[in-house]
Every structure is written in C-alpha cells, then in structure tokens.
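K.L.:
Here is how the chains run, residue by residue.
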Amino acid sequence: MKKIIAFFIIILGFASSSCEPDDICDPTTPTTPRMLIKFYDISNPSVQKNVTNLKVIGEGMSEGVVLNPSAVDDTKYLANGNNILLPLKTDADIVKYKFILNYGNKNPLLVNTDNLEFHYTRENLYVSRACGYKTIFTLDPTKQFILTDNTPADELWMQYVIVAQNNITYENETIIKIFF
Amino acid sequence: MRQLLKYSFSICFLLSLLFVQAQEKTTTTTVEQGVKITEQKSTAPTKKTPEKKLDSTKTEPPKPKMDRYGLIVGVDINKVARSFYDSNYKGIAFTGDYRFSKKNYLYAELGSESITVEDPLLTTTTKGSYLKFGLNRNLYTNWLDMENLITIGVRGGFSTFNEELKNYRIYNPNPYFGPSELIDSGVTHNGLTASWAEVSAGINVKVFNNVYVGFSLQVKALITNSEPTDFENLYIPGFNRTYDGNFGAGFNYTIAYFIPIYKKKVVPVEVKKVSKAPTNGAVKTVPRQ
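Protein sequences appear in the order of chains A and B.
Per this note's numbering: the first sequence = residues 2 to 181.
Per this note's numbering: the second sequence = residues 122 to 410.
Derived from the structure by calculation, the hints contain no laboratory data.
No residue lacks a Cβ here, since even glycine has one placed at the ideal position from N, Cα and C.
Not one of these hints is a red herring.
Using C-beta positions, here's what the derived DEER-type ranges look like:
(1) A:K77 / B:E353: 32 to 40 Å
(2) B:F279 / A:K97: 53 to 61 Å
(3) B:E285 / A:N83: 44 to 52 Å
(4) A:D24 / B:T314: 19 to 27 Å
(5) A:D27 / B:K224: 44 to 52 Å
(6) B:E285 / A:G82: 42 to 50 Å
(7) B:E285 / A:I163: 42 to 50 Å
What the simulated footprint calls covered on chain A by chain B, stretch by stretch (three residues with Cβ under 8 Å from a Cβ of chain B suffice, anywhere in the stretch; the number is not a length):
(8) 31-41
(9) 58-68
(10) 82-92
(11) 117-130
Given only the sequences and the hints, what does the whole structure look like? Please build it.
P.N.:
Structure follows, in structure tokens:
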C-alpha cells in the first residue's frame, strides 16, 4: 500500500514538474489605455452628438485608426457614433492626429480636416508576468493640446475642445470633450 | 486480483529502478515476492561485510543484523548538468540525509542558483541561495544487507535572492503606431526572501560500496514571499518559477556517498510475531504481505 502511494507521488511529481500554466494576459486586465474622446452638441452642450464618417489619421501613418472594429473593409476606419478611442504613442511624449469629418463625401465642401496635437508624460507600470508592463499617460497641464486647422484652411469643425481629465489610466474615463 | 495489482506495481517500481541501471541482478529481484529468496541465500555470503564473517557461516537461527547509521552526503547532478546545457542557468545543490532512527532521516539541502528567465514580455535575472530542512521517512523494507530507500518527506525551505529586470516591452493591445520597442532596464531588487513548505517522494538506491544514486520529486507551496515594489518575484531559487496560486514542483537527481558513523544492532523483537505479521528483513522467513 505504501509502495502504491509512493509510486503515485513520484509519477505525479514527474507529471507536474514540467507543468507551466499557460500565461495569457487576460483581455479584461487594464493595460496600456487609449484616450476616450466624446463629442457634444455646441448648441446643447450637455447632449452628445454623433459624428458623420469621421476618420482619424495619425501623423506619419498611411492608414486611419480603426474606429469601428466590427465593420469590414474601409468602413472600419469611419466612426459614426458619439465617442472614439485613440491610441497614444508609448515611445514619445507627443502625438498628432488629423480629424477628417465627412470623409469620402461626394461634396468636397463638406469634408473638413482639423489637426489636434496632444502633449503628455508617460509612466511604465508592472502589471503581471503575462501582461508585462503597461504605460499610463498624464496630459501636460501647461500644454495639453493644440488645435489647428488644416492647410488649405477649411475652417475648424471643432468649435470647442476641453480636457475633462488629465490622467489617462483607463479606457472608460472621458479625457477630451469636443463640441461641434 | 490483489496479487495482480501488487505485481503490476512491483513491476512499475522495477522499471523506475532501471533509471539507475547500476544495480546488480540479485538486488533488483528483492522487489518481487518470496519466490526469489533461495537465489538470494546463495549469494548472501558474498555480500556480507567482514564483521559479519565473524559469526558462524553455517545456516542457523537469525544472525543479529547490524544497521549502519550515518550521513549520506550528495550533490544534485540535475542542476550541475543543467548548468552545462542551459546557458541561462548556473546552479548547484548539496543534500544531506542523516539517519537518526531506523526509518527516519533528517534531511537538509543547501543550494545556490543563478538563472535568466526570458518571458515574451520581460527578461529577468535572479541570483540567490536557499536552504531546506526536514524529515524523510524510509518506506522500503530492506532485506539482508541492502540499504535502499524509498522515501517520502516534508521540509521547509528558505531562500534569499536578488532579482534584476534586464529588459521589457510595453504591452499595448492597440499598436497603431507600430510594435513596442524593447526597453532596457537594469533595475535590481536586492534583499528579497521567500519561504515555503514542500512534500517530496523519492528513491535512493545503493549502487555499490556506500555510493547512492537517487532522485526525488517535490511539490511545494509558498508561505512567505517578499515582493519588490512595483514588481514581483518571478523565480525563487529552490522553489522554481512562481505563478498565481503559489504552488511549485521540483526534481532532484543526486549522487551521494554514505559516511557510516555507527552501527546499531537490530533487536529481534519481531521473532515472536513472525506468524502474524510481516517484519523487517532481519528475520529470514518468507514474509507474507
């Protein structure tokens, strides 16, 4: 009987000595966050307003940010809701985006491009063995963003931009409010 | 059915003993039942030590068997071999078994390890040493002059170490601007400690004069763990890698030398109980198990 017990412990030990839990970073674990931007109606500031075919392209990138992951082909770059999530650079303290409203509209007078530039500081924090490190951001309090019109100028479609929160740690906290 | 089960387990033990491969033929057969006893009796005189030859060499009622008590000192070859083939690992461990009663041993292990762990998102180097202390119990009934051990044991372990984060990557689930770069970091966390408890099962077999070869497997559970600020202990020397759940497993393969210190006569109290229960090998009757 003792032989059997000892034998089983040995076999169990052999089996478990090479065991390694499959460490996968749980998608619900908060890691490096994107910046949440919400859109509001300028004539009714507490009411959210949907954008039409908004495309956002980062500086130096050829493709837009995927704002609508469930769509297919080029429509995945277009947003038609009242909020978007924009990724920030983890290796630089500045990020520039082109916000193109009514992208692809047949009437070129309706297509309007504005440029937004964000300045921030970064901090790397340890999450876990599987997730490694994440970066959280804090908008620079003296120079949070710079809003400029596109060249050639087509007027700013964003009439008012305000920072709701400086700390960018989670993706469900509104950072920027844009009124148009 | 019971006999069949017994034989099958004995055969499995036999196969696991083959790991050692230096056994003489006569000793491997002791694992099986009484059928082979006559074969042993004829070879027994050649295995007896000089002291025993002073007793009469004619067959007669049980000769007093002497148990040798001493210290078995060994080195963990598994760690030494790994130091050669694994460029990320350097380690060694020394083990000691001190027999203080017929079936119980005091166990101690002292080791030091230096390992570089390369995870997909992090690379860390851990260097440290550890000490384990505990008890082993020999479950095996040795016949004649054999001194083999099948042990189960419990021990506590303690380790001090330092951990250095070599480099890491930022985990970005939305890499719009491209994949994250490797960031170098030389941050070292010193003075880390951890302690744990483990249970082990093992075999230690005497292959020839006083030289033992054995292996053991351990299952461990962490008790204390000093976490560095803004990081965690990814590897603890002596414990193996740490995961959520605080459990670990380990494996030792040792080559050891037995240093005899004194001998104790085995008191043949069990002679009267022969008819009822199986006894140790001092009584040369067919044990009924």
